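Participant: Given the coordinates of chain U, work out where chain C should sit on it, guided by the hints.
There are 2 protein chains.
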Amino acid sequence: MRRYLPILEWGRTYNRSILTDDLMAAVIVTIMLIPQSLAYALLAGLPPVVGLYASILPLLLYAIFGTSRTLAVGPVAVISLMTASAASAVADQGTAAYLEAAITLAMLSGIMLAILGLLRAGFLANLLSHPVISGFITASGILIATSQIKHVLGVDAGGENWLAMLSSLANAIDQTNVWTLAVGVPAMMFLFWVRKGGKPALQWIGFGERAADLTAKAGPIVAVAASILAAVFFDMGNKGVSLTGAIPQGLPPFAMPSTDVALIEKLWLPALLISTIGFVESVSVAQTLAAKRRQRIAPDQELIGLGAANVASAFSGGYPVTGGFARSAVNFDAGAKTPAAGAFTAVGIALATLFLTPLLFNLPIAALAATIIVAVLALVDLKTPLQLWRYSKTDFTAHAATIILTLTAGVEMGVIAGVVVGLALHLWRTSRPHIAIVGRVPETEHFRNVDRHKVFTVPHVLSIRIDEALTYLNAHWLEEYVLEQVADRPALRHVILMCSAVNEIDASGLEALEAMNHRLGDAGIGLHLSEVKGPVMDRLKRTQFIDELNGKVFLTQDRAFAKALQDTGEPADPVDHYLARGLI
Amino acid sequence: MRRYLPILEWGRTYNRSILTDDLMAAVIVTIMLIPQSLAYALLAGLPPVVGLYASILPLLLYAIFGTSRTLAVGPVAVISLMTASAASAVADQGTAAYLEAAITLAMLSGIMLAILGLLRAGFLANLLSHPVISGFITASGILIATSQIKHVLGVDAGGENWLAMLSSLANAIDQTNVWTLAVGVPAMMFLFWVRKGGKPALQWIGFGERAADLTAKAGPIVAVAASILAAVFFDMGNKGVSLTGAIPQGLPPFAMPSTDVALIEKLWLPALLISTIGFVESVSVAQTLAAKRRQRIAPDQELIGLGAANVASAFSGGYPVTGGFARSAVNFDAGAKTPAAGAFTAVGIALATLFLTPLLFNLPIAALAATIIVAVLALVDLKTPLQLWRYSKTDFTAHAATIILTLTAGVEMGVIAGVVVGLALHLWRTSRPHIAIVGRVPETEHFRNVDRHKVFTVPHVLSIRIDEALTYLNAHWLEEYVLEQVADRPALRHVILMCSAVNEIDASGLEALEAMNHRLGDAGIGLHLSEVKGPVMDRLKRTQFIDELNGKVFLTQDRAFAKALQDTGEPADPVDHYLARGLI
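Top to bottom, those sequences are chains U and C.
Using the working numbering, read the first sequence as starting at 111 and increasing by one per residue.
Using the working numbering, read the second sequence as starting at 111 and increasing by one per residue.
In isolation and in its complexed conformation, chain U is listed as follows (with noise of 0.2 Å):
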């Protein structure tokens, strides 16, 4: 019960000191979290509520169900391009259909989530690696910067890729609303230089260390508010500069999500790639902050928690949420303690929406546009792809091929071809395992590889070791390259395989032994195995193979070379060491 409920686990030893933590923190997090609400919202396309609504239930469902005691759920920047970019393909921006479409993608994402949970399916994330992942998160962070800019130019534009949102920005730079630029730029100066500069100017004025940090990450409220007053005070809403307007207040409405199977079906592959991003992301925060504290996450109930968050979403009419990474940072570093900050923040922000929105009226949207650039323009990483290259050039082709198709075929596409470039590089490499011909390394029972070291070989014996499980993946590969060894020494009496390194041999593998000991057979050569681990073995026991063997199982490969070399009449150690010498 307590696997499903952490809540059950950390709600025993609540405390007042506790309390006094967590309610800190979520005073802190819903002033950082309200500008960031609304941001993203315009950023996947959606009013400014659904921002704040995605805000509050489902963060009071990730801390029931969620196993991290800082994470901070709601709209996050790249789940929201990637809502957007769904959306649009099956609805006009602003249209009842199109929000329709945004919650039953929080809606199906969450049920898959839950249900990946619940089916400790966590592992497939995998499938998303490293390389691909950040590629991704460098494309969408520019795709989403390079979206933002018409709001800062306030003109009109759009495209489908990012050299089509290019050249629709370039043929509509003329129309550029001075006024809309003058709330954009001087907007992105201040929050570029509130990152870095915030807090020793915070600390220069007197400041402690930890309030001058938390206090320069309300940097973004910072600018909204002296843009809404610059916006009154200009009169900006008459001279073309567009306003966030009214936005409705009171708390969520209960919204019973759509049931369409024509709709589901068209999104059902989206929700998935956003489910499974938002997880790796959420995930990998969670498991930095945790391990900090020395505390542990349970990746398969992270899947449960993030799953009720965008049920909770979806039915109080937002769209899809997961851990955002720089919220959660901030909850850790404000000392939230357990997830009932998560819940107070949720409360802040309800209170937000029931007394703030009218002061909102006034807001421009270049300021909006001005916070996601710059939050997005720290996904964007240089670094990566260079040291993929010099680390390993496989990495760097999944990486790449992640990054020019999110950019040029869209961020659906992008995902999905690192994913298939991932696994092919993948089943390419372990379709070749790594094997080596092995001698004895003389006066010593040690085998080496022939290329790398002076061994001793005989002519009418090959020892291969094999250095990975023998799959289906491989088992055919293996069994060509025995054959063609074989055929390349027409000497040959023994072939005794190694298999210090083999952890498994599935039935594909084991057919390639049946096959490969019927055509050595066949020709009057020998096949033995030696160094078969205890596993291993035991199964192998289980059919019919040793007893069809037509040579033996030895514990040792230093045994199954000496009875190979006596078998052929070799006098073993005398030969061995004068060949292994260069004597004869």
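What the hints contain is simulated information worked out from the structure, not anything from laboratory work.
Remember, it's a predicted structure, so these values are computed and weren't measured experimentally.
Hints are not guaranteed to be accurate.
Identical copies carry no separate label here, and so any pair may be met within one copy or between two of them.
[To be verified] The list that follows gives simulated cross-link-like pairs (lysine-lysine, DSS-like), each with its CA atoms no further than 30 Å apart: (1) 662 - 493; (2) 651 - 402; (3) 643 - 564; (4) 493 - 503; (5) 376 - 662; (6) 376 - 309; (7) 306 - 493; (8) 306 - 402; (9) 503 - 651.
Facilitator: Then chain C, alone, in the frame of chain U:
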């Protein structure tokens, strides 16, 4: 050049003695291939002559491009079934569009095979594991035999899947034509008998062993000839028995395959599956035969050979072909020495097409159906599922899923399901690598699994041996595993990862190591590596990881453990010995 044209290799040493052997084999295979070609065309839902066309030009092309000396190419049962399934999805049997679809399948399949061969991508066929292939072939055998029963009964029946076929047969059984049954049942009985009993019977009447064996293989032609005579004698054509009817005489027409994009869009996936199944079957037959004479085949060149054969089939009005097991074995046993035997067989079939087709007018379809049923029931393998169940439950799962889906959802879904299930199970296993917590075996430098051996450990030091390459599929799991172990051990000061079996660390593995390093560092725990393989270490040195590591890299696990003991103030040896002996 010789790599792509194996004929240049064997052609150089061709002589009269080889010619005699090849001619002899060609005569025997031709006799066997005539009824087979007609029967498999019937199975594919095509006019009988298409089977003959598919047995002429493809054999010539394979003789030029193929690497097996004895593989006999032509129509085979499983591929004919797959052709019928794919072509039925786009057109009705008996129409020109149906024939066009079959020809297009041959063309697409040929082009795909050739491209895979030029890209040297034969390893992709590894995705079909042995349990999946054998499950598919068993299910295909059941499907094929069931589909032919209607011809033996002389009734009209159909059905999209196996259960539908059975119920359709049950509904039609009371329309059974007794004359048809009178041809089909004796033919089946004779063919069943001749498989096992033909050779001893022929030896008993004085044939030599080899002659008896080869003559017994001609059983189908005897059944065909006898049923033609019976059909003429009893005037069966007028008694409701379906006859083959007029087969156009003459060489295959030159046919320009369709370039209709809509058709290609519908057929590319079935063509890919036909190519893969055909290739896997053909290569396994070719390898079995080649190994018997210590010859080699080159799988990537085999792709080109089979590709050329299929393209040739498409241009001469045929349908997809591949190397068949039974006829290749006959070719081998009959003494074929080079692919020229295949070319001579092509000439034989061409002569038959020119002169023998009038004789086949009165051939009852029931006799052809009988040859198919007897041939494919040999494909049904009931031992494999039992063996798999005992050997490996995961392999059994893939096998059973393939059989069930092939029978219930069709051949294409069956193959795809097998690949997907196999891959998912493989990824699941790979995502949970074998990991052991190890301790020192007393009075030695060896480290063994704490769960299996009585070894020495201390609460300050955790030694973990990883028995798998560290890749994106398991990196997260390892990270979580280590963090969980750490969370359980409050006294922990040092973690040592023993990397003796880590053949590779990809970028995600490196990321996981870096994350572990930071997290353990935050918790005041040192991370050390031991026994890192040379090539893996070379790549790690190209990164920042070694510099940023909290701990050190040790050449041996023993040194790492000793250093950690020293660091935590343990007097290593005496404590070690006392503890291990249970004295303290």
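Participant: Determine for every hint whether it applies to the structure shown.
Facilitator: Against the structure, the hints:
no., hint, in the structure
1, 662 - 493, "between (54 Å within a copy, 25 Å between copies)"
2, 651 - 402, "between (48 Å within a copy, 27 Å between copies)"
3, 643 - 564, "both (27 Å within a copy, 19 Å between copies)"
4, 493 - 503, "within (15 Å within a copy, 45 Å between copies)"
5, 376 - 662, "neither (59 Å within a copy, 52 Å between copies)"
6, 376 - 309, "neither (47 Å within a copy, 62 Å between copies)"
7, 306 - 493, "within (19 Å within a copy, 70 Å between copies)"
8, 306 - 402, "within (23 Å within a copy, 73 Å between copies)"
9, 503 - 651, "between (42 Å within a copy, 16 Å between copies)"
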